[in-house]
Every structure is written in C-alpha cells, then in structure tokens.
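Asks: Spelled out, the chains give:
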Amino acid sequence: MNILVCISNVPDTTTKIRFAEGDTKLDATGVQWVINPWDELSLTRALELKDDSSAGITSVTVIHVGEASSEPTIRKALAIGADSAIRVDSPANDSYVVAAQIAAAASGGGFDIIMCGIESSDFNGSVVGGMVAEMMNIQSVTGVSDLKVKDGSVIMTREIEGGREVVATTAPVLAVVQKGIAKEPRIASMRGIMTARTKPINVVEAVDSEQFSSLEGFTLPPPRPECRFIDADNVSELVSLLQNEAKVI
Amino acid sequence: MENALKSGEFLLKQVTPESVFIPEEFDEEQRMIAQTCQDFIEAEVYPNLEQLEKGDRKLMEEILKKSGELGLMGIAIPEEFGGFGQSFVTQMLAAETTGAGFSFSVAYMAHCGIGTMPIMYFGNEDQRSRYIPRLATGELIGAYCLTEPGAGSDANSGKSSATLDEDGRNYILNGQKMWITNAGFADIQIVFAKIDNDRVLSAFIVEKDYPGVVIGPDEHKMGIKGSSTAQIYYNDVKVPVENLLGKRGEGFRIALSILHMGRIKLGANVIGAAKKAINDSVQYATERKQFNTAIASFGAIKSKLAMQVVKSVATESAIYRVSRDIDNLAGRYVAENCEKGRASIDAISYYAVEAALLKVYGSEMLDFVVDEAVQIHGGMGYSAEMAVEKAYRDSRINRIFEGTNEINRLLLVDTAMKRAMKGDFDLFGEAEKVFADPAGAPAAATSGESYGEEMLRYTGNFKKCALMAIHAASSTFGKKLVHEQEILTEISDIMTSAYLAESLVLRTLKREMTQGEDAVFRAITNIFIFNTASEIRRSALGAIFSTLSPDEAEPVADAIEKLTSVRGVNLKEEGRLIADKLIEDGSYKF
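Chain order of the listed sequences is C and A. Just so we're aligned, residue 1 is where the first sequence starts under this note's numbering, counting upward by one. Just so we're aligned, residue 1 is where the second sequence starts under this note's numbering, counting upward by one.
None of these hints come from the bench; they were simulated from the model. Any given hint could turn out to be false.
Below are the DSS-like pairs computed for lysine-lysine, each with C-alpha atoms no more than 30 Å apart in a straight line [stated by the list, open to error]:
id	chain 1	residue 1	chain 2	residue 2
1	A	K66	A	K589
2	A	K6	A	K418
3	C	K50	A	K66
4	A	K572	C	K16
5	A	K65	A	K289
6	A	K589	C	K148
7	A	K66	C	K183
8	A	K65	A	K54
Using the sequences and the hints, build the whole thing.
Replies: Now the structure itself:
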C-alpha cells in the first residue's frame with residue numbers, strides 16, 4: 001500500500017500575527033514556517049505504519065500545494081522520513097483550489113490511503129479533506145484518531161460524541177485525522193536530514209481550478225478586556241455587571 | 001583564504017563585512033539540524049527537568065542515548081566513522097541550540113566534545129574504529145579525566161601515574177581524578193597520567209569495567225545538578241598498551257588542544273542558554289502586571305531586556321565569525337594533505353586566542369543575562385519553580401570549567417604575544433608605532449563618513465588601545481610581564497571587547513548589504529559600541545597607569561581618551577527599540 005500525506009505550510013504557532021498591505025496579507029517578516037501540526041502527526045502515523053512490516057506499507061509520499069518558498073517545509077517532511085514529495089506549484093488561494101490541486105495530482109498516483117489533517121492551524125477551514133475525497137470519488141472517514149492496516153483493511157477509530165467508533169474499510173480511502181493519531185510528532189534525525197537532500201520533490205503544474213472565495217481582509221481579535229475581581233459578598237454588583245456591561249445574562 | 005586572519009591578527013588587520021560569516025547565512029540544512037536539537041530538548045529534556053535536577057543518573061544516561069539514536073552525537077564525527085561530518089559552523093549551531101538544555105547540555109557537550117574527540121583527533125585507526133562509531137551513536141558514553149585534587153589550572157602537575165608492566169602488555173594506572181562530568185555512567189574515560197617519571201602527561205583510553213576503576217558518588221553542586229559529576233579512582237588498573245592515546249608524553253598537548261575546542265564550543269553553548277533565559281524573561285515580563293500594567297512596559301525592565309539582547313547578539317556575531325575561519329583553515333589543511341581529524345583540531349587549536357576570549361566573554365555574558373532574568377522575575381525568580389532560577393545556578397560553572405576565566409584571560413594575551421614573536425604577525429612593531437605617536441593614533445572622521453566607516457573607525461581605535469597597552473606593558477616588564485597578571489587581565493579585556501565590537505559591526509554591515517538598514521540592529525550595535533568604549537577606556541587606562549610613570553602615562557592616557565571617544569547614544573530610545581521588538585515577537589528573533 002502507498003500512503004499520501006497532505007501537508008500545509010503554516011506559521012509557527014508562537015508567531016505574533018501581523019498583517020500587511022492594508023490588512024489583506026500576512027506580514028511574513030520573521031515568520032518561521034512549519035508543517036501544520038495535524039499534518040505532522042499524520043505523517044508520523046504514516047511512518048509508524050511503514051515501520052511496522054505487518055501493515056504492508058510500501059511508500060509514504062507528502063503532497064503540498066504552494067510556491068517554491070515552502071520547499072523548506074517539504075524538505076523537513078522528507079527529513080522526518082517521507083520517501084518523496086509532490087509540490088503543486090500554485091498559491092493556496094482557498095480551500096477549494098487546494099483540494100482541486102491535490103485531487104488532480106493524487107489521481108492515478110496509486111495511493112491507497114490519503115491522510116489529511118483535520119484543519120490547518122492558520123486558516124482552520126476543516127474542509128480540504130472532504131473535498132479531495134469527493135473530487136477523487138473515493139470514500140472518506142472524518143475525525144480519525146487512530147489508523148491501522150490489517151489484512152488489507154484500513155481500520156480507523158473515530159472520535160464521536162460521548163465515545164469512539166471503530167470503522168473498517170478498504171482502500172482507497174481518505175482519512176481526515178485529528179489529535180491522537182500519533183502521540184508526538186517524529187523528530188527529524190540527522191540521518192533523515194542528510195538523506196532528505198537526495199529525495200525527490202516532484203513539482204507539478206497547477207491545473208485550472210475554479211475559486212469560489214477571495215480574501216477581503218483580516219482583522220485581529222480585539223484586545224482582551226481587563227480581568228476584574230468582584231468581592232464574593234457583592235453579588236448584586238456581579239449580577240449588574242454581567243447584565244449591563246458584559247450583557248451575558 | 002582571502003581576507004583570512006591569523007589567530008590574534010584581528011588586532012592589526014581590518015577585514016571586510018563580505019568576508020565574515022554571519023548567522024543570517026545558515027542554510028536550510030543547518031536550520032533543520034538546529035530545529036532537531038530544539039525539538040529534542042523540548043520533547044526529551046524539558047519534561048524531565050525536575051527529575052534530572054534530583055540527580056537521576058539513569059535518566060540522564062537514557063536521554064543521552066536517545067540523542068545518540070537521533071544522530072546528535074555524530075554531528076562532528078566523519079561519515080567513515082558513522083557520523084555526519086558536519087562543518088564546524090554547524091557543530092557550533094548544534095552546540096548553541098543544545099545549550100538551552102540546562103544540565104543535559106553539559107552532559108551532552110562533555111560526551112560529544114572532550115569525551116569523544118580526543119580519540120577522534122588523536123587516536124590511531126585501531127582506536128578510532130574500536131570506539132568512535134559507538135561513541136557517535138551513544139552506544140558508549142565518554143568522559144574526560146584531567147583534573148585532580150592537586151591539579152586544576154596547573155593540569156600538568158597531576159600525580160596520576162602509569163607504569164608499563166613486566167610483560168609490556170599493560171600500563172598499570174594509579175591515581176585520582178575529580179570533577180569528572182558523566183562519571184556516573186561513562187563507558188570510556190580519557191585519562192591523563194604521567195608514565196614513570198615523565199615530566200609531561202600521557203593520555204589513555206580507559207574502559208569503566210577495567211578492574212580497579214572505582215567511581216565515587218555524585219558531587220552535590222550549586223547547579224547543573226542533572227549532570228553526573230564525580231571522582232574516579234584508579235587502583236592498579238591494567239590499561240592495554242594499545243590504549244595509549246597518541247604518543248607517550250603527548251597527553252598535555254592533547255589536553256590543551258581538546259580544551260581549546262571545549263572553550264570555543266562553550267562560547268556557542270552559552271548563547272543557547274542566554275536565548276532561553278531571554279525568552280523566559282520576556283514572557284514573564286509580558287504576563288506579569290503591576291500597577292495594572294505589564295512590567296514589560298516599564299523602562300527599567302525594557303533596559304534590562306535590551307541589554308540581554310545586545311550582549312547575546314554580539315556574542316553570536318563573534319562566535320560564528322571565528323567558526324567559519326576555523327572551517328576555512330581546516331579546509332586548507334586538508335587540501336595540504338593533512339588527515340581530516342587532525343586538520344580539524346589543528347584549526348581549532350590555531351584559533352586559541354579567539355577560543356579563550358569567547359569562552360570568557362560568553363560565560364560572563366550568560367551570567368549577566370541570567371542574573372537580569374532572575375531580577376525581571378522579581379520574587380518568582382528566586383523560586384525553584386522557575387526555569388530562570390535553575391539557569392542562574394547552572395550558568396555559574398561556565399566561568400570555572402574549561403579553564404577558569406582568569407587562566408583564559410592570561411592565556412589569550414600570552415598566546416597572541418607568542419604567535420607574534422613566532423612571526424605570525426608584527427604585533428610588537430605595530431604596537432610600538434602606535435605608542436610612539438599617541439597624538440596621531442586616533443583615526444579622525446573623514447568627511448561624508450558612512451555609518452559603517454564610522455563604526456569601523458571606532459573598532460579600529462579600540463584595537464589601538466590594546467596595542468598601546470601591549471607596548472607599554474611588554475616594553476616595561478619584558479619577560480617578567482607574565483607575572484603582571486592584573487595588567488595582562490586588563491589587556492585581555494580590551495582585546496576581547498575589540499573583537500566582539502568589530503564582529504558585531506561587521507555583521508550589521510553585512511546584513512545591511514542584503515536586507516537594507518535595520519534600525520533595531522543599528523541600535524544593538526550603537527549601544528554595544530557605546531558601552532564597550534567606556535569599558536575599554538577603563539581597562540586601557542588601568543593597564544597604562546599600572547605600567548608607566550604618571551609623566552609617561554599622561555600623553556598615552558590622553559590618546560586613550562580620544563581613541564575611546566564615540567558618538568553619543570540615546571540609550572533610552574535605542575534600548576526601547578530593541579526591547580519593543582523582543583516584546584512584540586514574544587521571543588528572541590534577532
């Protein structure tokens with residue numbers, strides 16, 4: 001079996017977000033770009049499966065939709081252990097565009113399992129995985145917190161309200177994965193970093209795709225209001241503030 | 001090697017910004033290696049700090065071995081011995097990053113450096129093939145055993161002895177070593193002892209399981225409590241003759257060469273520790289409110305944050321500058337058919353002046369940074385719950401090990417002078433020239449002088465202060481100068497400050513060539529130059545008035561006043577600019 005892991009290139013989670021060009025663009029000055037945390041966990045799980053000879057995984061490929069500037073992030077995925085990479089040479093304008101590019105590049109690629117993080121930590125759209133499956137006309141399973149391969153079946157654990165559900169299916173399948181899929185992201189080893197140099201990044205041309213949304217602008221959340229302490233005995237003031245100022249009761 | 005400087009030659013020659021390496025030039029692979037070191041510390045070290053602090057030897061050994069599995073112990077080891085053969089610059093970047101790992105950093109550096117490299121650099125093929133691949137993966141852990149109860153800074157006075165047994169197959173080793181890092185679990189010990197009645201040391205590879213090796217309990221230390229530090233006793237230990245490292249009597253040379261390497265790597269290590277303390281400081285200052293205001297908004301705190309950054313950036317600039325010089329020199333040695341391992345250690349040893357001054361400055365920089373970190377944390381900084389409390393205690397050892405800062409100060413001046421006497425560069429001739437015409441010494445501003453020209457004029461003048469002090473001291477005391485340690489200490493401080501200042505200016509100028517003018521970096525440079533000028537003035541006047549009669553000293557002192565005259569700096573505003581960037585970014589991103 002061959003696994004394809006979709007990876008997004010996102011600002012490090014500690015980045016102080018600033019905008020440029022009239023609040024229509026992220027100010028990338030000094031931003032450290034990393035693999036989207038959910039995608040990094042997906043990749044880790046895919047590599048764990050490959051390490052387990054009983055799972056029968058032959059290769060792990062990563063795919064990314066983005067421009068050449070995101071290649072360090074792809075190279076990091078290769079250093080962590082992916083065998084090869086595909087970069088679709090297109091700006092990631094919106095979720096539909098990204099999904100269309102992944103679907104086009106992955107179709108006919110012989111991938112049995114496609115893993116998508118549940119969301120990216122920058123735009124948090126949570127839609128790419130489902131769209132890719134629809135566009136490729138393959139089944140998808142969402143909210144996957146564990147994924148195993150046994151005797152040709154793909155067995156996935158889903159987090160559902162009040163518990164878990166285990167589903168089994170056959171390839172090809174797209175799994176939208178969430179927290180729990182791997183314990184900790186795998187750290188790139190020195191050997192991995194050295195071999196990443198020689199692993200291929202296949203750059204493919206973008207296909208024509210409709211774009212259904214365009215960015216109007218960003219705003220930062222308002223500064224957090226001051227925390228106020230009300231004396232425990234002063235219930236009437238607390239109620240009044242909640243009613244008239246916070247307007248929550 | 002165009003523009004390459006000999007060690008200590010920076011006092012006489014000015015290099016161009018283009019010729020120096022700056023941290024902004026790390027390539028993608030180097031950044032990835034640093035990220036791996038960082039990820040490892042965050043995943044394996046930080047969650048275990050509390051347990052490590054209790055002196056859990058087993059846990060430290062396990063973490064070290066995990067770092068070996070990841071390949072972090074093989075960064076400096078050539079590929080033919082199972083390592084990754086990385087450049088010295090990369091080794092230093094890994095040393096910097098792991099430097100944020102508290103006592104792990106000490107254990108890791110002791111293994112990778114002084115515990116492994118003596119065999120890598122001085123071992124024969126048999127010794128290397130027996131030990132290096134296993135040291136490179138962490139299968140074996142190494143330790144370096146030089147210090148004895150009666151032999152610290154005077155390392156050659158050790159009492160440990162070795163005698164060849166009757167059948168000539170083993171040395172019988174006896175002695176006692178102390179302050180041995182990794183002693184509790186190291187499999188391989190590099191032990192220095194004198195054979196028979198030799199005047200100088202020899203070095204031996206000793207395995208911990210040889211009968212007669214007795215490891216004492218861990219010392220109770222002020223800091224780095226997670227690293228195992230103990231005494232090791234050797235009672236009639238049979239060491240096979242094939243484990244004599246290098247030639248008989250070569251031990252002292254091996255010990256010194258390895259110490260040069262340890263010193264310069266310490267200079268990188270402390271940068272990582274400083275950045276961690278700065279990050280902790282700014283995070284706390286941003287969260288902590290007093291008078292309904294985050295304390296990071298107060299000028300008194302901003303000035304502390306700014307100075308933490310200024311000193312760290314300066315150290316970083318100098319460390320990577322000389323690291324590239326070492327890579328270049330090692331490359332030249334290899335091109336001249338020198339064996340790779342020997343080329344590396346010879347190149348590191350060659351830059352002994354810079355290694356010593358960076359050890360001194362770096363360790364004192366870190367002490368400053370962690371002290372201010374505790375102060376920024378106020379009462380919480382004194383609580384063992386906070387990382388800065390640990391950082392404060394852990395920092396202190398850096399001024400003591402790898403040669404005390406006092407020894408290193410003397411050593412760096414002595415080495416520069418010896419190199420000059422050997423003919424490497426005309427230090428004394430130039431010093432005499434500057435001294436002979438004190439009034440003409442200070443370089444005047446040229447009309448239309450650019451920012452870069454102005455800054456380099458200042459650093460050039462700083463170097464002239466060193467030359468004046470060197471000439472005054474050497475011509476007054478001659479060979480007896482070695483006994484004038486107070487004066488040598490002043491001279492070393494001038495040399496150190498001048499090197500740091502010049503390295504920072506060169507970095508700033510090189511950055512501007514590609515990234516344009518950066519107000520924050522200029523502020524860092526301006527403040528460093530401003531502060532350094534007054535420090536150099538004090539040291540130079542101290543050296544001159546301790547050397548010359550008042551009449552002789554007067555014109556020289558006048559010149560020193562002019563040589564250390566620099567543009568005024570609005571410390572408040574420029575400091576705030578630096579601090580505001582740090583606060584805005586939330587961590588050190590310079």
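Asks: Decide, hint by hint, whether the structure agrees.
Replies: Results for each hint:
1. A hinted pair counts as satisfied when its Cα atoms are at most 30 Å apart, and K66/A with K589/A qualifies at roughly 29 Å.
2. Taking the CA atoms of K6/A and K418/A, the gap is about 13 Å. The hint holds against a cut of 30 Å.
3. Using a Cα cut-off of 30 Å, the hinted pair K50/C and K66/A holds, with the two alpha carbons roughly 21 Å apart.
4. Between the alpha carbons of K572/A and K16/C the distance comes to roughly 25 Å, so the proposed pair stays at or under 30 Å and holds.
5. Between K65/A and K289/A the CA atoms are separated by roughly 42 Å; this puts the pair beyond 30 Å, and the hint is violated.
6. Restraint check for K589/A and K148/C: the C-alpha separation of about 41 Å exceeds 30 Å, so the hint is violated.
7. For the given pair, K66/A sits about 17 Å from K183/C by alpha-carbon distance, which is consistent with the 30 Å threshold.
8. Proximity of K65/A to K54/A is assessed by CA-CA distance (about 19 Å); at most 30 Å being required, the pair is judged to hold.
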